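Take 1 as the starting number for the sequence shown in UniProt numbering and just add one per residue.
Treat the hints with caution; some may be incorrect.
[Unchecked claim] Distance ranges between label pairs, derived from CB positions:
{"id": "1", "residue 1": "322", "residue 2": "472", "range": "23 to 29 Å"}
{"id": "2", "residue 1": "236", "residue 2": "441", "range": "41 to 47 Å"}
{"id": "3", "residue 1": "23", "residue 2": "330", "range": "51 to 57 Å"}
{"id": "4", "residue 1": "51", "residue 2": "20", "range": "35 to 41 Å"}
No wet-lab data here; the hints were simulated from the structure. For clarity, every value in this text was computed on a predicted model and none was experimentally measured. Using N, Cα and C, we set each Cβ at its ideal position, and we do this for glycine too.
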Amino acid sequence: PILLQCELGTLVGLRASVFIHSKLEEVPYEVMEAEELYRDFCFTRLKCSLELYTQQTVEAVRKEMHALRKMLSGGSLAFCLESTKIYVTSAGAQGLGITNESLISNVISAVSKAISSADENREQVEKGGKKKVQSASVSLANVFGALGCAYEILRINVLQCKTRERNPLDSTSANNQAPPPAVAMCVKREEAKVCMPLEVDAMAMLCKNTKVSRLYDILIESICRSLRLFEQSMVERLENTTETPQLLRPAGYHFFPQEFGHFLSCSYLDGVSDDETSVQDKRKKLHRHFGLPVIRPYFRRANHCIFYDELSTPTPLVNTHVGLRPSGITDGRQYLVQGKYHYYHYLQQQMQDKGWGCAYRSLQTICSWFLLQGYTEKPVPTHREIQKYLVNIGDKQPNFVGSTQWIGSTEVSMCLQGFLNVDSRIQHVTSGAEIANLASDLAMHFQTQGTPIMIGGGVLAHTIIGIDYCPQTGKVKFLILDPHYTGADDLQTIQTKGWCGWKGGDFWDKKSYYNLCMPQRPIMF
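Build the full structure now, drawing on both the sequences and the hints.
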């Protein structure tokens, strides 16, 4: 591991060191911007299923996990890059012109081109038209990457070798025969072992200038690191339990705190809640280790990364404001929503809610924010679930369920409390002309809470996800997410047509009163 040392709360005197022979030795470092990291580095991600046969004791788990890692390191695995015929074994890499001397950047290009070619061929077959000119390679960040993250990811399939690859550099006997396999067998009649299925999900960070000759060892080590995390989780549970020892299955989760600039993997045990003391203590250690505040979640299960290639159903777009042109406010400062959200709008999920469902969609956007930030694991509620809840608490009559009646800011705040246990601040204004006067309050909200704001006026509802404000001149523009959009989830259309964009004070109707529902972020970690 690399140890960074600096004055508390600053980067003054920052030094980087590594442990070598139990001593700290200073090493040079370079400060990089996020764009440079995305350009120069990528990640690999692989999944494989393993089985652990062990007794339910600390010593046995450690012994068997060590044996499992040793077995995997012995050349019994091979790897194939998703969507290609590029294979990586202990003897080297081959396929699509890739050799041991190739760079990871060459592999990324080959995989991107293979995916683009496959997509074009599929489109040609479906449409039965003429073959189009080959388009540019797709970005692997949009194929195998994580929502809200710009890193390119190489997806790896794991294969089990029937025979071990012979490396020409391996030492052999005088008659050039490979050494015979070593076989050890030990049978104890009184042993009571369990078979623990292990679903490994391992990632590794790579510089794109890395040679492919190093890829095999890097992938094996990523699996072994994942197994060490599993071992640590199981051993800690066995050591700290006062009841009869019972192994629980570990599972791996990947997180991407924006403060990091990279992924972080954790292991939690199935059946052990995030609210159990042992899991809370584990998260608290991670917060302190990385200098993260303990007032918001970073490493709860609900914070885990969502990867594009694992989305089972079409998912609303994430953070549609990213990439917008400047608002045009001179000397203004932007105060924006913190974290990720899904853009919900009319006609999604086959729901015919045009003309009445805008506040429902704004509520769904807000709920998605709390889900993606790890405050809840509950799915975003449907229109019917929202209506049922309002009937159950006595706010609406039974015939409200299944109707096309709209809701307002008050109902949105009730639902946030009921579904997520989230309190909201309600701000009233008698005219749309007064909303600009709330600029400083809205700036404070986005600084301290960072949650999307639902605003309702007349029969229309919108979502405010930021402002650009200049206190000296009083000029302000609002970043609006418009739920009245009825088209396809095309980011370019949504941005260029203003469905997500900057609006001036004249956007609000001067003749209508407005209520703002401003959700308050719970204090938790």
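Hint check:
1. 322 to 472: 23 to 29 Å: 28 Å, holds
2. 236 to 441: 41 to 47 Å: 46 Å, holds
3. 23 to 330: 51 to 57 Å: Since residue 23 and residue 330 have Cβ atoms about 55 Å apart, the given range 51 to 57 Å holds.
4. 51 to 20: 35 to 41 Å: Taking Cβ atoms as reference, residue 51 and residue 20 lie about 37 Å apart, which means the hint holds.
Violated hints are absent here; each numbered hint is respected by the structure.
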